[in-house]
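**Student:** These protein sequences, in sequence, are chains A and B.
If you want our numbering, it's the 1-based position in the first sequence plus 1.
If you want our numbering, it's the 1-based position in the second sequence plus 1.
FYI, nobody ran anything at the bench for these hints, they're computed from the structure.
Some clues are possibly wrong.
Across the chosen pairs, the derived CB separations fall in these ranges [what the hints assert, rightly or not]: (1) B:12 to A:315: 40 to 50 Å; (2) A:15 to B:103: 41 to 51 Å; (3) B:102 to A:16: 27 to 37 Å; (4) A:310 to B:113: 18 to 28 Å; (5) B:109 to A:6: 16 to 26 Å; (6) B:29 to A:151: 44 to 54 Å; (7) A:16 to B:89: 34 to 44 Å; (8) A:322 to B:56: 46 to 56 Å; (9) A:148 to B:102: 32 to 42 Å.
Glycine is no exception: its CB is placed at the ideal position from the N, C-alpha and C atoms.
Protein chains: 2
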Amino acid sequence: MNIKKVAEHAGVSTATVSRLINKTSYISPGTAKKVWRAIEELGYHPNVNARGLASGKSSLLGLIVSDIVNPFFPDLVKSFDEAALHHGYEIITANTNYDETRTLLRVRRLIERRVDGVAIMTSEMDQALVDELSTRGIPIVFLDTGKVKENISNIRIDYEQGVSQAVNHLLELGHRRIGYISGPLGLKSARIRRSAFLKFLKKKGIIEEKELVTIGDYKISGGKKAMEKLLKLEDRPTAVLTSNDLTAIGAMQALRSHGLHVPEDVSLIGFDDIALAATTDPPLTTVNVSRVKVAECAFESLLELIKHKTQKGREVHVGTHLVIRESTAKPSPKTRRSGR
Amino acid sequence: MNIKKVAEHAGVSTATVSRLINKTSYISPGTAKKVWRAIEELGYHPNVNARGLASGKSSLLGLIVSDIVNPFFPDLVKSFDEAALHHGYEIITANTNYDETRTLLRVRRLIERRVDGVAIMTSEMDQALVDELSTRGIPIVFLDTGKVKENISNIRIDYEQGVSQAVNHLLELGHRRIGYISGPLGLKSARIRRSAFLKFLKKKGIIEEKELVTIGDYKISGGKKAMEKLLKLEDRPTAVLTSNDLTAIGAMQALRSHGLHVPEDVSLIGFDDIALAATTDPPLTTVNVSRVKVAECAFESLLELIKHKTQKGREVHVGTHLVIRESTAKPSPKTRRSGR
DNA sequence: CGGATGGGGTTGATCGATTAAAAACAAACG
DNA sequence: CGTTTGTTTTTAATCGATCAACCCCATCCG
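Could you put together the complete structure from these sequences and hints?
**Tutor:** In structure tokens form, the structure reads like this:
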């Protein structure tokens, strides 16, 4: 079943069929009806390979994520996929697992597939690889870590805003000793978030205390360990901000297993607002970063670059807002105690 | 950069280059070296569209899942993707969101893309759609719900085994009143699991009590609500088995908010063994269903069908095992009390 | 009436591979 | 030396679309 048969069946040329399908020029209503009928009757679906070969377009997009198991990403993938679906694109999701070799392989494969664009939703991406895409004129959209230039756009999550919302909330409640659990510092995204935190503290005139800033791994287990470290401090924090919700959940568990209560003993704020955050006990106060918005912006930006090639990209800014649930409260002085 | 240039550069014909790349026939070592050199020097990557058009193969697989946000699926996607990567396939993940219209659209798109095979990892799939794939000779592998025939294989998770392991564990601990929280009964997978539970109870000579079998939604919120219903019973269960881990987590929260302790007051068993299950408080006893194994079996089976077309599919059986953590214990009679 | 205009179609080259069939070459044999 | 046989390589048709260039025909205008 191909375009030729449809053309014959409808008594027109293949060009007419092609132009009807692609709406690339006006076709008289009579002819159009005939052709649609033929398409219907034969159950014709255009061959994407042939189309791709002839037009140089694949209607495929690459979506590179670092860890699809991290709950942040499925949401992202879902929304991106949905947006793509509506615009006739299919996406190939490439999971890098934070592994460079794998990333290399995957990007090469995407190039071979002639993807029309790539969304790079991981902070770990080799510049050389980006160049490989760039020199082939493949549009790219980054999350957080891209420099805007020709064929490259960037979605910037406003961590400064998120951190300030979170910390302000804690300050208003009366907290002064605020701990922080970062992601693994090998990851750019973790460094960005952490430095946003430190910067904001400085701005508010709070002296940075190194011991209050610990390192997790973006996962529950890391949050647990980091929290335990914080609990060993002589003068421990009355509130802790974490770099993502999983970390906060881990921290919450550590607190519970030490017989401490959230938020009475320690206030806790997460980051991202994954679905799980609303269902913890107590429900987690967290900084919402809308994956839907991020995904949609990423897709829109990418689409724009694809439509008008050789155009300078743009930076899109995605704001945050604080979702106050029940893991934050005023510090109660009596729970303050020495660690010895 | 195309095969022609490479051929010229190496001083051979395009056919030779093609056959070298695809290893479809023997090439003399001398020629081979020349050609590889040319490929290297020119940085040549074959055009997948052209290749697909000429060969009728796309090296693309479709992976249809119902809800990528459900933690069971990212694991599955990840492992499947990995297996595919090693064998030179790329996958298009299609999220159906339990929506028929969407599913229809997605499957059609996969057909247009000329995918070499499809893994259907959702229980909700219209037979007509399956036929559309079948008549085109596209191999399919199902999870749980497929009938094996030409070009169709099926991966069967052994729910009977899982349920028996879980229930036996509870019986051994001394439980007799065992509650169950199912998934939404609109989903085939939920019905399968539930009937496995009921069947096993009968086998063990325990009278089914309708009030002990409630309905959740595979999510935390549904588990919570269902558990609350169970807690209102006059003679409430001393143990509850749930249809998946999220449901169990919801149930755990409901228990906690009623001041009840797990496992002292009520024992709880989940199903699936998602990563989260190990980190709840207390850690959740659950039936492990290896997503890695499921994904690998699915891929292997699909690959086999693809390699030897028109071959009868096979049914692969994936076992389960009970992971005993801390959410199960002997029932303590004193916590038994009327609900009034 | 003859030429310009433009809507509606068709023709045929082209995209970059694969792959039968043919050809070229080499070795073996009577 | 001519013929087989076997191995390696080339020729050229083919896959199924897209799209620039061209054609046809009706209409309009001076």
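**Student:** A separate judgement is required for each hint: does it hold in the structure or not?
**Tutor:** Okay, the hints, checked on the actual structure:
Range check, residue 12 of chain B to residue 315 of chain A: about 47 Å between beta-carbon atoms, so the 40 to 50 Å window is met. At about 31 Å, the beta-carbon gap between residue 15 of chain A and residue 103 of chain B misses the expected band of 41 to 51 Å. Range check, residue 102 of chain B to residue 16 of chain A: about 32 Å between beta-carbon atoms, so the 27 to 37 Å window is met. A hinted range of 18 to 28 Å for the beta carbons of residue 310 of chain A and residue 113 of chain B is consistent with their spacing of about 25 Å.
Restraint check, residue 109 of chain B to residue 6 of chain A: a C-beta distance of roughly 19 Å satisfies the suggested window 16 to 26 Å. Look at residue 29 of chain B against residue 151 of chain A: about 45 Å separates their beta carbons, and that is inside 44 to 54 Å. Checking the proposed 34 to 44 Å range against residue 16 of chain A and residue 89 of chain B shows it holds: the Cβ atoms sit about 35 Å from each other. Taking the beta carbon of each, residue 322 of chain A and residue 56 of chain B are about 51 Å apart, inside 46 to 56 Å as hinted.
Taking the beta carbon of each, residue 148 of chain A and residue 102 of chain B are about 41 Å apart, inside 32 to 42 Å as hinted.
Comparing the model with each numbered hint stated earlier shows that hint 2 is the single one that does not hold.
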